[in-house]
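Visitor: For reference, the chains in residue letters:
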Amino acid sequence: MFDFLDSGQYDLLGAFWVTAKLALYSAIGSLIWGTALAAMRVSPVPLMRGFGTTYVNLVRNTPLTVVIVACSFGLDQTLNITLGADRSEDIGFRLAILGLIAYTGTFVCEALRSGINTVPPGQAEAARALGLNFIQVLTLVVLPQAFRAAVTPLANVLIALTKNTTVAAAIGAAEAAVLMKEMIENEADALFAVFAVFAFGFIVLTLPTGLFLGWAAKRLAVKR
Amino acid sequence: MSSVLYDTPGPRARRRNVLFTIVFLAVLALVAWWVLAALNDKNQLAADKWSPFVTDSRVWTTYLLPGLTETLKAAALSILIALPLGALLGIGRLSDHRWVRVPVGAVVEFFRAIPVLLLMMFAAALYREFTTVSSDFRPLYAVVTGLVLYNASVIAEVVKAGVLSLPRGQGDAAEALGMRKGQTMTYILLPQAVTVMLPALVSQLVVIVKDTALGGALLGYAELLSQNRQITANYGANTIATFTVIALIYIIINAIVTHLAGRLERRLRRGRKSAAVAIPAQGGPTDVKSDAVSGA
Amino acid sequence: MKLRRTPAAAAAAVVLALTATACGSGSDSGSNGDKITVGIKFDQPGLGLKTPDGTYAGFDVDVAKYVAKELGFAEDKINWKQAPSAERENLIKNGDVKFVVASYSINEKRLKEVDFAGPYFVTHQDLLVRADDSSITKVEDLNSKKLCSVSGSTSAQNVKEKLAPKADLQQLGGYSECLTGLENKRVDALTTDASILAGYASQKEHQGKFKLAGLSMSDENYGIGVKKGDSELKGKINKALEKMVSDGTWDKLVKQHFGPSGYKNDPAPKIAG
Numbered sequence: 001m002f003d004f005l006d007s008g009q010y011d012l013l014g015a016f017w018v019t020a021k022l023a024l025y026s027a028i029g030s031l032i033w034g035t036a037l038a039a040m041r042v043s044p045v046p047l048m049r050g051f052g053t054t055y056v057n058l059v060r061n062t063p064l065t066v067v068i069v070a071c072s073f074g075l076d077q078t079l080n081i082t083l084g085a086d087r088s089e090d091i092g093f094r095l096a097i098l099g100l101i102a103y104t105g106t107f108v109c110e111a112l113r114s115g116i117n118t119v120p121p122g123q124a125e126a127a128r129a130l131g132l133n134f135i136q137v138l139t140l141v142v143l144p145q146a147f148r149a150a151v152t153p154l155a156n157v158l159i160a161l162t163k164n165t166t167v168a169a170a171i172g173a174a175e176a177a178v179l180m181k182e183m184i185e186n187e188a189d190a191l192f193a194v195f196a197v198f199a200f201g202f203i204v205l206t207l208p209t210g211l212f213l214g215w216a217a218k219r220l221a222v223k224r
Numbered sequence: 225m226s227s228v229l230y231d232t233p234g235p236r237a238r239r240r241n242v243l244f245t246i247v248f249l250a251v252l253a254l255v256a257w258w259v260l261a262a263l264n265d266k267n268q269l270a271a272d273k274w275s276p277f278v279t280d281s282r283v284w285t286t287y288l289l290p291g292l293t294e295t296l297k298a299a300a301l302s303i304l305i306a307l308p309l310g311a312l313l314g315i316g317r318l319s320d321h322r323w324v325r326v327p328v329g330a331v332v333e334f335f336r337a338i339p340v341l342l343l344m345m346f347a348a349a350l351y352r353e354f355t356t357v358s359s360d361f362r363p364l365y366a367v368v369t370g371l372v373l374y375n376a377s378v379i380a381e382v383v384k385a386g387v388l389s390l391p392r393g394q395g396d397a398a399e400a401l402g403m404r405k406g407q408t409m410t411y412i413l414l415p416q417a418v419t420v421m422l423p424a425l426v427s428q429l430v431v432i433v434k435d436t437a438l439g440g441a442l443l444g445y446a447e448l449l450s451q452n453r454q455i456t457a458n459y460g461a462n463t464i465a466t467f468t469v470i471a472l473i474y475i476i477i478n479a480i481v482t483h484l485a486g487r488l489e490r491r492l493r494r495g496r497k498s499a500a501v502a503i504p505a506q507g508g509p510t511d512v513k514s515d516a517v518s519g520a
Numbered sequence: 521m522k523l524r525r526t527p528a529a530a531a532a533a534v535v536l537a538l539t540a541t542a543c544g545s546g547s548d549s550g551s552n553g554d555k556i557t558v559g560i561k562f563d564q565p566g567l568g569l570k571t572p573d574g575t576y577a578g579f580d581v582d583v584a585k586y587v588a589k590e591l592g593f594a595e596d597k598i599n600w601k602q603a604p605s606a607e608r609e610n611l612i613k614n615g616d617v618k619f620v621v622a623s624y625s626i627n628e629k630r631l632k633e634v635d636f637a638g639p640y641f642v643t644h645q646d647l648l649v650r651a652d653d654s655s656i657t658k659v660e661d662l663n664s665k666k667l668c669s670v671s672g673s674t675s676a677q678n679v680k681e682k683l684a685p686k687a688d689l690q691q692l693g694g695y696s697e698c699l700t701g702l703e704n705k706r707v708d709a710l711t712t713d714a715s716i717l718a719g720y721a722s723q724k725e726h727q728g729k730f731k732l733a734g735l736s737m738s739d740e741n742y743g744i745g746v747k748k749g750d751s752e753l754k755g756k757i758n759k760a761l762e763k764m765v766s767d768g769t770w771d772k773l774v775k776q777h778f779g780p781s782g783y784k785n786d787p788a789p790k791i792a793g
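Protein chains in written order, with my numbering: chain A, 1 to 224; chain B, 225 to 520; chain C, 521 to 793.
Derived from the structure by calculation, the hints contain no laboratory data. Treat the hints with care, since some could be wrong.
[What the hints assert, rightly or not] Examples of chain B residues lying across from chain A (beta carbon under 7 Å, computed):
1. I246
2. A250
3. V251
4. D265
5. N267
6. A271
7. S275
8. W323
9. G329
10. Y351
11. G402
12. R404
13. F467
14. L472
15. I473
16. Y474
[What the hints assert, rightly or not] Which stretches of chain B does chain A cover? Using the computed rule of at least three CB atoms under 8 Å from a CB of chain A, they are:
17. 232–241
18. 360–372
19. 388–400
[Stated by the list, open to error] Computed spacing ranges between beta-carbons, pair by pair:
20. C/A594 x A/Q9: 23 to 33 Å
21. C/P604 x B/R322: 33 to 43 Å
22. C/V765 x B/A479: 50 to 60 Å
23. A/T139 x B/L388: 46 to 56 Å
Here a beta-carbon is modelled for each residue, glycine too, at the ideal position from N, C-alpha and C.
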């Protein structure tokens, strides 16, 4: 039943490697972008607050497929932004990461905001009483606590991100979903086996993340 | 909370804020100008690419509105099936019996770990190979199956978290009154948990509406996003215009749903103050909500 | 308790409202009695296109209409059904459609699953380039060019495996997306069957912008797909196609749909029988 694995016709590991790389790069990028967005949303400058809120509400309500496809022909085909890549496959890969960052950043931002909300106001007040300015209050006192409180929602975002990489199939990044579609078409009689293989692959990718971060959330939780 | 993070701006801070505003505005304007200039340069802002959406009502009646109907149909069916199924799975996860709790937990974790897109592709192939479902409905079935399996698992987690967020005393008191486990769940715990969960459940609707778009690209379901092919084939490859309009429709639909969720949440919070039940300030709604938010 | 019930009711109302919209759309399923269901493309100008007023236009559509008429079905007795490339065999095998006229090339792999009437049209894989670009004259020129095609299509595989393995091939979801790139000079050529390209080139929005390069990189025989073993229907369709060529309808249709692009079509193919 699983003999298609030995045929050498399909590069399963390669496809999942692309998926893993997509997830990893996007995770780092969206953590940075999401933190910046969260900082904007609590900043003293009204325009930045407005931008952060508008951005989050717009992008979060758009299907990821639209975001990623827009990256492909909005940025690449029309504005000729290729992110330094030459070949179409590389461009697709990098733009998919950009799209995933733009989209996932909004969820990171919301997770962080819920984390910031768990920090007791006294913490920030005390920091201000010590004479710290906004950036210092945020980076030295509030965000470190907020991150620790936000580990669980952030873990969920990371798992969702890993699964969302499949949408990159829409602009031709050669990841797992593309391969699964091809295999379903060619190996229709081994349908369950094909599905089992891909399900297993994603469980391998997401389950340890979930378990590890669940453990980390308990370790890191701020005792109050 | 935000006001706690910084002092009320004095004259210097205010000047600095104005400076930041100006710099930020300049950067935004610069980016916007550059994008618009580039689009204009490539003739993407040409009137004939955009005007069909305003002047030709047939774009709406032939493509966009039927597509939107399909999107909403799939979303509504999915949430209607996923809600009761998710509630059952959630209660199952809380069961006192190991033989219920463990397999249900495994099922929930399994479907939460697999991308909806793969679930849909598998369901589509399954219906094609092993059932006689007519091809008119096959894509709809596949989309709904994928969405239900995934979202029921997410809802199960929401229900579990909602019930666990209730004070222990509620369950203990019901037990003390001599209620059976089923009664405690249906009369005491679930009604209270529902109020905690509602905002999370409504935000899950947003996720479902967005995820229907996955069915268009790879399964050939005639939902809103997939209409772009036919529109761009008719109006001279106006891809940018078409995608912008379609994205706006999604944003408006989801903004309405989110707005309702927000109103619901505010109303609940007001209700909670006057109600006798105090739900722990930290655990409950925030956690439950963040759980669902990430489920995109 | 009263306070609790309102939000629940509101949520129920939302869900109900959504269902109501959903049910309103209704659903009309396939082939009942005196109607015939035909699979076509919905998104290919010149071949099969759903137009804004909800009717269908194109060469394939008109061929289907002619054949249906010969089979005894007037135009208003035809149910049009979208037949995306990947779904064509399934639609035929499951009996969802009577026959498929959807830029459907006859090849070995497909013959294992379905039967073909025809061919009714011969075309070749070709390139669509910008009107002012004459740098591609032979297949070898492609190796240094940026190409675009639809992901998973046979044209894309052809380029990768045979024609120009070194060309930078971008695979996108649809031809319109490729056209945007071509218009904006992101790619140098869009490759697929010449008939499909001609359909795009003859659209009024595109006239004068693009042209066909005129390379014949493959032979594609378009056939009408029918259920495997249904030789009676196949025979009838073949007869209809022969009549269409002999009474001049074929020439008229080809001129009407491919004329404006300057596409030089092959003469009507011999029906294989």
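Visitor: Now, for every hint given, state plainly whether the structure supports it.
Guide: Cross-check of the supplied hints:
no.: 1; hint: I246; verdict: violated (9 Å)
no.: 2; hint: A250; verdict: violated (11 Å)
no.: 3; hint: V251; verdict: violated (10 Å)
no.: 4; hint: D265; verdict: violated (9 Å)
no.: 5; hint: N267; verdict: violated (10 Å)
no.: 6; hint: A271; verdict: violated (17 Å)
no.: 7; hint: S275; verdict: violated (19 Å)
no.: 8; hint: W323; verdict: violated (22 Å)
no.: 9; hint: G329; verdict: violated (13 Å)
no.: 10; hint: Y351; verdict: violated (11 Å)
no.: 11; hint: G402; verdict: violated (36 Å)
no.: 12; hint: R404; verdict: violated (33 Å)
no.: 13; hint: F467; verdict: holds (6 Å)
no.: 14; hint: L472; verdict: violated (9 Å)
no.: 15; hint: I473; verdict: violated (10 Å)
no.: 16; hint: Y474; verdict: holds (6 Å)
no.: 17; hint: 232–241; verdict: holds (count 3)
no.: 18; hint: 360–372; verdict: violated (count 0)
no.: 19; hint: 388–400; verdict: violated (count 0)
no.: 20; hint: C/A594 x A/Q9: 23 to 33 Å; verdict: violated (49 Å)
no.: 21; hint: C/P604 x B/R322: 33 to 43 Å; verdict: violated (48 Å)
no.: 22; hint: C/V765 x B/A479: 50 to 60 Å; verdict: holds (56 Å)
no.: 23; hint: A/T139 x B/L388: 46 to 56 Å; verdict: violated (34 Å)
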